Each structure stands twice: as C-alpha cells, then as structure tokens.
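K.L.:
Listed here are the chains, written in short residue letters.
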Amino acid sequence: MRARRVWAALAVAATAASLTACGGGDESYSSVAEKLEKAHKVVVGTKWDQPGLGLKKGSEPEGFDVDVAKYVVKELAGGKDVDITWKESASSNREAFLANGTVDIIFASYSITESRKEKVTFGGPYVLAHQDVMVRSDDSAISKPTDLAGKRICQAAGSNSYKRITDPPPDGELNLDAQLVGAATYSECVSKLGGNNLDAVTTDDLILAGFAGQAPGKFKILGQPFTDEKYGVGLKKGDTKTCEAVNAAIGKMYQDGTMQQIFTKWFGQAQGLKAPTGVPTFEGCS
Amino acid sequence: MDDLIKYAPALLAGFLENVKLSLICGALALVLGTILVSARVAPTPVLRAAGTLYVNIVRNTPLTLVLAFSSLGLSDTIGLIFSDTPSTNSFWLVVLGLSAYTGAFVCETLRAGINTVPLGQAEAARAIGLTFLQSLRLIILPQAFRTVIAPLGSVMIAMIKNSTVAIAGGYLMESAFVMKDTFDDTGVSIPIFIGLVIAFMVVTMPVGFLTNRLASRLAVVR
Amino acid sequence: MSTNVLFDAPGPRGKLRNAVLTVLSVVVLAAAVYYVYARFDAKGQWDGEIWKPFLDASTWTEYIIPGLLGTLKAAGLGAICALIFGAVFGLARLSDHRWLRVVAGAIVETFRAIPLLLLIFFLFYLAPSVFGGGDYSLVALVAGLTLYNGSVLAEVVRAGIRAVPPGQAEAAQAIGLRKSQVMRLVLLPQGVTAMMPAIVSQLVVLLKDTALGYIIAYVDLLNMGFKLIPAVYFGSLIPAAIVIGVIYVGLNMSLSALANWLERRTRRSHRTAVQPIIPPGGVGEPEATGAGVV
Numbered sequence: 001m002r003a004r005r006v007w008a009a010l011a012v013a014a015t016a017a018s019l020t021a022c023g024g025g026d027e028s029y030s031s032v033a034e035k036l037e038k039a040h041k042v043v044v045g046t047k048w049d050q051p052g053l054g055l056k057k058g059s060e061p062e063g064f065d066v067d068v069a070k071y072v073v074k075e076l077a078g079g080k081d082v083d084i085t086w087k088e089s090a091s092s093n094r095e096a097f098l099a100n101g102t103v104d105i106i107f108a109s110y111s112i113t114e115s116r117k118e119k120v121t122f123g124g125p126y127v128l129a130h131q132d133v134m135v136r137s138d139d140s141a142i143s144k145p146t147d148l149a150g151k152r153i154c155q156a157a158g159s160n161s162y163k164r165i166t167d168p169p170p171d172g173e174l175n176l177d178a179q180l181v182g183a184a185t186y187s188e189c190v191s192k193l194g195g196n197n198l199d200a201v202t203t204d205d206l207i208l209a210g211f212a213g214q215a216p217g218k219f220k221i222l223g224q225p226f227t228d229e230k231y232g233v234g235l236k237k238g239d240t241k242t243c244e245a246v247n248a249a250i251g252k253m254y255q256d257g258t259m260q261q262i263f264t265k266w267f268g269q270a271q272g273l274k275a276p277t278g279v280p281t282f283e284g285c286s
Numbered sequence: 001m002d003d004l005i006k007y008a009p010a011l012l013a014g015f016l017e018n019v020k021l022s023l024i025c026g027a028l029a030l031v032l033g034t035i036l037v038s039a040r041v042a043p044t045p046v047l048r049a050a051g052t053l054y055v056n057i058v059r060n061t062p063l064t065l066v067l068a069f070s071s072l073g074l075s076d077t078i079g080l081i082f083s084d085t086p087s088t089n090s091f092w093l094v095v096l097g098l099s100a101y102t103g104a105f106v107c108e109t110l111r112a113g114i115n116t117v118p119l120g121q122a123e124a125a126r127a128i129g130l131t132f133l134q135s136l137r138l139i140i141l142p143q144a145f146r147t148v149i150a151p152l153g154s155v156m157i158a159m160i161k162n163s164t165v166a167i168a169g170g171y172l173m174e175s176a177f178v179m180k181d182t183f184d185d186t187g188v189s190i191p192i193f194i195g196l197v198i199a200f201m202v203v204t205m206p207v208g209f210l211t212n213r214l215a216s217r218l219a220v221v222r
Numbered sequence: 001m002s003t004n005v006l007f008d009a010p011g012p013r014g015k016l017r018n019a020v021l022t023v024l025s026v027v028v029l030a031a032a033v034y035y036v037y038a039r040f041d042a043k044g045q046w047d048g049e050i051w052k053p054f055l056d057a058s059t060w061t062e063y064i065i066p067g068l069l070g071t072l073k074a075a076g077l078g079a080i081c082a083l084i085f086g087a088v089f090g091l092a093r094l095s096d097h098r099w100l101r102v103v104a105g106a107i108v109e110t111f112r113a114i115p116l117l118l119l120i121f122f123l124f125y126l127a128p129s130v131f132g133g134g135d136y137s138l139v140a141l142v143a144g145l146t147l148y149n150g151s152v153l154a155e156v157v158r159a160g161i162r163a164v165p166p167g168q169a170e171a172a173q174a175i176g177l178r179k180s181q182v183m184r185l186v187l188l189p190q191g192v193t194a195m196m197p198a199i200v201s202q203l204v205v206l207l208k209d210t211a212l213g214y215i216i217a218y219v220d221l222l223n224m225g226f227k228l229i230p231a232v233y234f235g236s237l238i239p240a241a242i243v244i245g246v247i248y249v250g251l252n253m254s255l256s257a258l259a260n261w262l263e264r265r266t267r268r269s270h271r272t273a274v275q276p277i278i279p280p281g282g283v284g285e286p287e288a289t290g291a292g293v294v
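As you go down the protein sequences, you meet chains C, Y and X in turn.
Just so you know, our numbering puts 102 at position 102 of the first sequence, and the rest follows in order with no gaps.
Just so you know, our numbering puts 111 at position 111 of the second sequence, and the rest follows in order with no gaps.
Just so you know, our numbering puts 293 at position 293 of the third sequence, and the rest follows in order with no gaps.
Extracted from the complex, chain C is given alone in its bound form (with noise of 0.2 angstroms):
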C-alpha cells in the first residue's frame, strides 16, 4: 500500500515539476519607465519586416523606428546603456503584446487612431507620415488614389490603412468600393503586388519608401499623400508615466537636432520625403 502511496505521490510530483519547468516568469514593475529606472533593461518591440523602418539584420533590427526606440529608451534610463530585447511586433500583434506584457513598448509604424486608444496609451507622435499608392512600375491604370475604385488593394492584419480608402471619414478618408485582399504583413502585401495578387498597396508613405528602395524599377509611388498618419509610441494602457517620459524624450530629440539627422540617415534617399522640421503637437498621455 505504501509503495502505490509513493507512486502516486512521484506521479503529482513529477507532473507539477514539468509543468512550472515549462513555466517561469519575472518580477514586475509599475511602469516601463521604473523597469529602465531601476533595471535598465527592456523588450522593445518593432517591425522585423520593414526595410527603412525595422528590418532585421543580424542579431538585432535596423531602421528609423528602431534609431528613435534607441534614443527614448535610453532617455527613460537617465542616460545610461540599456540592456535591449527586441521582439518582432507585427501588426496585428501590436494590442495583443502591449497587454501581455509580451513587450514593454512598441515603435512599430504604430498609427495613433481613436480606436486604438481605447485599448493602448500613445506617447508622442513623433513623427508624422502620410498614406499613399504603391502600385506595380508598368501598371498605368492607377494614378490618383480615387482610381483604387474596383481594384484589389492589400489589407495586412491588423493595419489600418485599407480603412482610409474603403470607409467614409472619421475613420476612413475615401469611402471607395475597393476589394481587400488579406496578408499577415506588409512584406507580404508587396509580395502580392509583385506577384499580380493584387493592383495597390495602400499605407505610409515611409513604409512604401522603404520597400520601393529595395526594388528599384519595380515598383512606383503615386506621391499623392492623403492622410496623416500620427506615429506614435505604444505602452500599456494606462502607464500615463512613462507616457510623459516619452513625450519628454521625444520633445528633446527635436530639439537637439538627432530626429532630423536619424530621418535623412533612413529617408534621405527617398523622392518627396523630407525630414521633420518641428515637433508634432502631443496627443496627451490618457
């Protein structure tokens, strides 16, 4: 009797040992801002797919959000050098991650939208972008954004661009009858588009500019922008903390000339960019 007592216990023992084995967690902060205080670490979320934006490249991204991400969250810590994780954030993982406390803050080509922010607190902008076409260099149908009427136009998970097109304002812009097509992301919406699986991609300017650079010839920009596009930082909801610590941070990145300079290192290249020349006005950390 006693030999099964042990078995059984062995057997509840050895469940529960795999089980938190495969388990863990970490201690918590109140805000992102007390973690860089006091730990001086972070997982930052960005694009692992934009080029321009954040791209991937060796064991960390590169690109304009992901220069601004090193600026502010250096700031946040007072200065000192910190310990960085960077997690991929697509865009439709961006809400779903915030409140996980899978990451502790996103730069991500994350437009700040009223819808958004019910679910997500927004520092800055800091910068502002505007929605424009990209369409294949040989197609001559398209030239102005209303001709996207009937044309099929890529809808990548959890963007918002498409909206501006097919929906009346306020959240869209055009309120045109144009068909969606799916994909998980915007590399994969240009994919498409090369691939004759759709007529338009349909979002940022900045975005478009860094994958037209990668093909050169292939594909063109209409240069028409139609929309503005707040960029913003996201935090959980609610760290109102760190949300002023951001604007902060982002404030004097303006003012000390390294917003301009990180902008012309990604953008200068690209036709009809030109680099932020003041602030954009705060959208106030609620």
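Simulated from the structure, these hints should not be mistaken for lab results.
No experiment lies behind these values; they were computed from the predicted model shown.
Virtual Cβ for every residue (Gly too), placed ideally from N, Cα, C.
You can take every hint at face value.
Covered by chain Y, according to a simulated footprint, are these stretches of chain X (three or more residues, beta-carbon under 8 angstroms):
| no. | segment |
| --- | --- |
| 1 | 23-33 |
| 2 | 38-47 |
| 3 | 111-121 |
| 4 | 206-213 |
| 5 | 235-243 |
| 6 | 252-262 |
Each computed DMTMM-like pair below joins lysine to aspartate or glutamate, with the alpha-carbon atoms no more than 25 angstroms apart:
| no. | chain 1 | residue 1 | chain 2 | residue 2 |
| --- | --- | --- | --- | --- |
| 7 | C | K241 | C | D256 |
| 8 | C | K80 | C | D256 |
| 9 | C | K163 | Y | D185 |
| 10 | C | K144 | Y | D84 |
For chain C, the structure is supplied; the task is to place chains Y and X on it using the hints.
P.N.:
Here is chains Y and X on its own, set in the frame of chain C:
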C-alpha cells in the same frame, strides 16, 4: 460564458470553414494517396523512385511551411491563381497544400496495408493471369483498404485538426483565426476555447468511432 | 510481403509492357518537372541574384543558424517535457487505482483531440493572465507540444508495458518482487526497448510541429528563413523556402532513419520478449514507422 454566446456565430462560421476544408481535402488526399501508393509498388523503378521521393519530402516538411509556401510561393511569386476573389483563391491554395500533405500520409498508410496482404494472394492473382494493375485493383487494394480503415481514420482526424493551420496559408476565415481575433478583442476566454474544442471533438470522435467499427466489421479474416 | 511479388518476372510481352510504362512515366515525369521548372524560370526564380544571399556566410550565421537553434531549442525542451509527461501519464493509466486511471485517461484523450494550433494560441493568451506580463511564445509553444505529444507518448508507454507478456509480471511476482520492483526491473526495461521506435517517430512529429511557433512570432527556422530572409533580400522567397525545406527534411529524415534502425535492432535483439509496438494509428508492419501519424 457571455463571450462564447456573443461570438458564437462568428466561431461557428469559422468552424464550418474547417469542416468544408476537411471534406474537400479528405476526398482529394484519398485519391492522391491511392495514386501515390500505386506508383510506389509499380513494376517501374522510375515511378517507384518518384513516389518515394514525393512521400519522403512532403511528410518530413512542416505543414506550416507547406501552406505558407503554397500561398506566398506558388501563388504570389509563381502566379498560380485559382480565383480573382482573394478569399476563394486562398481557400483553394490551402486545399492544394493540405491535400498534398495528407496524401503522403494516406499513401504510407495504404502501403503498410499492402504489406499485410499475404504473399499467396498476389501469387494467386498472377497465376490466374491478372496484370499488375488488375491484381492491384481487384485483389490487393481492396484487402489493403480494409486492413487500414482504422489507421486511415486516424490520418483523417489528424487532417481535420490540421485544417486549423490554414491560417499559415493566408486563409483568414477558419476557427483558429477567428479565435485569435476574438482573443485580441476580449482577452483570453476559456469558454470560447472549450466551445471550439468540443466542436472539433463532435466531428473527430464519430470519425474515429465509425472507422473503428467499420474496421472490425470489414476485417479480413485470416 | 515485399512489393516486387506483385508482378512476375516478366516474359517478352511483359518486358515490352514494362518498358513502355517506364518510357511513358519518364516522359510524363520529365514533362511535369520541366513545366514546374519553366514556370519558375518565367518568374526569374533561378536567377543567380536571388540565390546569392545563400552563398553569403552572414545569411547563415545571422538568420538560418539562429533560427535553427530556436527550432532545436523548442524541440529539445518539448521532447524532454513530453517524455516526462508521457511516462507519468502512461504509467498512471496502468495504475491499480481506478480514479487515477480515469483521470489520466481523460486528460490524455482530451489533449490528443485538441487541434495543436488552437491549444498553442490558447496557452499563449492564457499565460499572461496567470503568470503576469512577459514573453510567452516559447513557453506556449513548448507547453502545447508537451501536452499534445506527451499524450500520444502516454499511449505508447501504456501499449509498450502492456505488450510485455503477462507471464513475465506473474513470474516476477512469484519470486516475491514488490509491485514497484516488477515495474522497474521487469516491465519497464523490456517495454522501453519495444517503445523506442514509436517514441522516435513521435519526436519527428514534435520537431515538425515546432514550425507552428511561426504563427505566434516565435523565432524559429521558419520565421527566420521564410519571413525575414525574403524581407531582407527582396525576391528570395522561393530560394529561402527551398533551403529551409531541405534543412527540415534532412533533420526529420535522419530522425526517421534512427527510428527504423532502432526498430530493426529491436526485432533482432533477444533482450526483450516484446516486438516493437505500433505507434497509435499506425499499421503493424516493418518499415511502417516513419514520421508517425501526421
């Protein structure tokens, strides 16, 4: 529980897409598997090698890669397009990938079945002058199918569960995607997960039960 | 039955027929291969330009090898946890206590029936609300792989122990061994030998399933190879798919070869009274072990 009731219509619609995928892929995979197994036991070394190559490559490749390849590779890059309607196009791309994948497993199951048919059967078939295809069609395959009904049932159950991977092939209407989408809205919901699991069990358990019963009723007595 | 018994040593007409069949199949296969080649060629998929990244050492050191390590890490952890889970629940299903058998049986049957991707998604969203914020892609992936494959392995373990002839256990009891000793000294050593091929087959399934991590942004071979390489090197999607496909197939085929070798060895060996057991859902014949059941 409220979440489950609120999102039930969307989840059900997603689940029915899984059922639809499974029915079509199941039929295609059985056909493909039969063709493949005929090639693998054919008197022509070329066909045998081709069949072996296909099976070894496909069944050792992750399904996620197979489906992502059929969508991003075959369709977007090579230009294989089934339909101008995007969601229909990705539906058939998933059908293509999932059938190609499951077909390899059907083939291996059938081949194991052929191996259980006693030597004498094939010898007798040859002795009465049947050709290769005749002996395969009239003697070997009918017995092979009957011995492998239960394992084929397992392959089909695995395929029904695998239909959730359609998300990797860009088909964003079936239940795995709907569930993720719902979790993004509501946060994790245990009732929704359990609801979907039960839905899958309602489909897979009868398949297992029926194939097992059929297997014992049709078992070749030796 | 070896397959070549299906047809006679061919006579003159048979030889002719086979020759015709050979020629026909060569023609058809060559046409198919050429068609695929031409379609790829028309889209410029054999251009040296898009294959060049793979000649670059940095592509391997910065993307493919770290990705492969991610895959192997998830597979290794998953395998260890699944083996523990399988051993515990397989033995629990053989317990003398009814409640333990019933509970273990219910758990095993349930996790075998859940689509793995749904389970992984669920765990991925569940973990933060239980353990607090953090990055749970690896945890969710490993836990999902453990629960599913562990449940299958539990069935393997149960079948392996049961396959030991009852006389062995009776003889052991007759010489006065306690129940734990019977299990430890007599049943397990023989059962494990019989289980090995089925276990290795299931590990192939586990290794393949790590690719599901791609969908929850776990950095594995598929993520690095199929998403990032094409994003960094524009147009290299097909070459990337082919390269990582070859790596996956190579890995899995070596594991499958190990399973087949183990099985042949087991059949020959006299260390066990048990024949190799069939993986759940498999068919009882040599060479039937391969990549398990899907």
